[in-house]
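2 protein chains.
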Amino acid sequence: MTPFDDAVALTLQPDGSWLGRTSPAYANMVGPFGGMTAAVLLNAAVSHRERAGEPLALTVNFAAPVADGSFSVRARIARNNRSTQHWSLELVQGDEIVATGTSVFAVRRETWSALEAKMPSGLPRPADLPRMPLHGRPPWVHRYDMRFVHGAMPAFDEAEQHDSSSCLWIRDDPPRPLDFLSLAAICDNFFPRVFVRRRKRSPVGTVSMTIYFHASEAVLAEQANRFVLGVARALNFRNGFFDQSAEIWGDGGELFASTHQVVYYRD
Amino acid sequence: MTPFDDAVALTLQPDGSWLGRTSPAYANMVGPFGGMTAAVLLNAAVSHRERAGEPLALTVNFAAPVADGSFSVRARIARNNRSTQHWSLELVQGDEIVATGTSVFAVRRETWSALEAKMPSGLPRPADLPRMPLHGRPPWVHRYDMRFVHGAMPAFDEAEQHDSSSCLWIRDDPPRPLDFLSLAAICDNFFPRVFVRRRKRSPVGTVSMTIYFHASEAVLAEQANRFVLGVARALNFRNGFFDQSAEIWGDGGELFASTHQVVYYRD
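Which chain is which? The protein sequence lines are A and B, in order.
So for the first sequence, this note's numbering puts the first residue at 1419; every next one is plus one.
So for the second sequence, this note's numbering puts the first residue at 1419; every next one is plus one.
Since the hints were derived computationally from the structure, they do not count as laboratory data.
Positions of the beta carbon are idealized from the N, C-alpha and C atoms, including for glycine.
One or more of the hints may lead you astray.
Selected chain B positions facing chain A (Cβ under 7 Å, derived; list incomplete) [what the hints assert, rightly or not]:
| no. | residue |
| --- | --- |
| 1 | Thr-1420 |
| 2 | Ala-1482 |
| 3 | Glu-1534 |
| 4 | Gly-1658 |
A few chain A residues that don't get close to chain B, going by computed Cβ distances all over 12 Å [what the hints assert, rightly or not]:
| no. | residue |
| --- | --- |
| 5 | Met-1419 |
| 6 | Gln-1431 |
| 7 | Ala-1475 |
| 8 | Val-1522 |
| 9 | Gly-1540 |
| 10 | His-1553 |
| 11 | Pro-1556 |
| 12 | Arg-1589 |
| 13 | Asn-1657 |
| 14 | Asp-1661 |
Can you build the whole structure from these sequences, using the hints too?
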């Protein structure tokens, strides 16, 4: 039982909702790391006895700060189809909805396939890169071994850059075999693009995140607990909100997930 | 009143839900064009008397085929915040949910801003390109004037390509001033990437689509009814599902929307 498994754990309640609890190990500056909220919402569907297929798409909307302590997750099947299952998700504290989401699960069949995107090549291996220093970082950052190729968390020297991209190797700490839940959390691993671009401190918060899962459970299992590669960039910073696009690659060159988010920032 | 306004129109019902009706003008091969379903769901929130702010994010999950005829839309505010408003959306026919969605509205304030993505440059203007032929296309395609720079709807000669990208100018037909609703519909304008890549006919259907709106209502209004530029590509085609990423640009070089979808295909 790793800290990740502990943080994502849910208990089925008599009314069909799931009871969970924020984990100090995945705390952010305020409340839990958003990737953990995404993983917890997904886990409510993954763990449901009527679940069919594997995760294909997940959208999580961060409606309000998640308070430290217990929460419940409502996961409802909106529609079952031959090849897809549609979920509506809510994370609730007290009487208030703090996150909403939807997820699509799918039964995949072998078809013609083609990977059009290219994994960045010629990169240093994780063993040849230093681990990101953890001093002064919130607890959740300690739960990941991040090794930056470029675009690391910057010094806040306010030297504005032309490019907000990052490329890094990522692994759970302690290492843990990759699955859909940890992959969902890793999709929110990237530091805010506005920090990389502006090198200026400002309040930020993810508003909405979408993940498309490209790999099967079996492919993720082959990755085991080795480092995955994350690549992230922004298209636009505009009047209080910016977007981020990212891909998570297996070390064998398979695309595991593509993910997008829109993030609030204050000037 | 254009055919678009007619198709997107909703009537408030006594129970707070919205009544709409599919429009033959926006019919696809089976049921309505998915972009119109997205626009209708967004319209239920846009038209709501408690709506605050402008659309920032929209996710639509196509849970089942929409049947021709009437439908109702349930739009519920899950949470109001100082700067964002969170919506849960459902499109219902009979007792069945046929589409689910979430949307975030936001009050934007002027901040430091930077456009990091580059609009493709050196392109021919719409007036210098032929309109896409409409013969044999479903009704919705007739509602758009599409002028391809590259990656047009291919002949199905099964000559597989290495690249699934498309670039085209798009305008409503008849022309109509751009707003969030028509922009949402345009985000689903792109023909399936698997057709461009494989040049092979196969059953396809969008499963989930997310849109991030980068422009304000005022910026969209300045675009009026002139052509916008659409650019789309896929990262991965894998065992029955592929993704699509696209951007919609104003003719003045502003990014209006970035959008992503995951699409079912059969071999």
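When the hints from earlier in the document are held up against this structure, which numbers fail? Numbers 1, 7, 8, 13, 14 - these are the hints that the structure violates, sorted from lowest upward.
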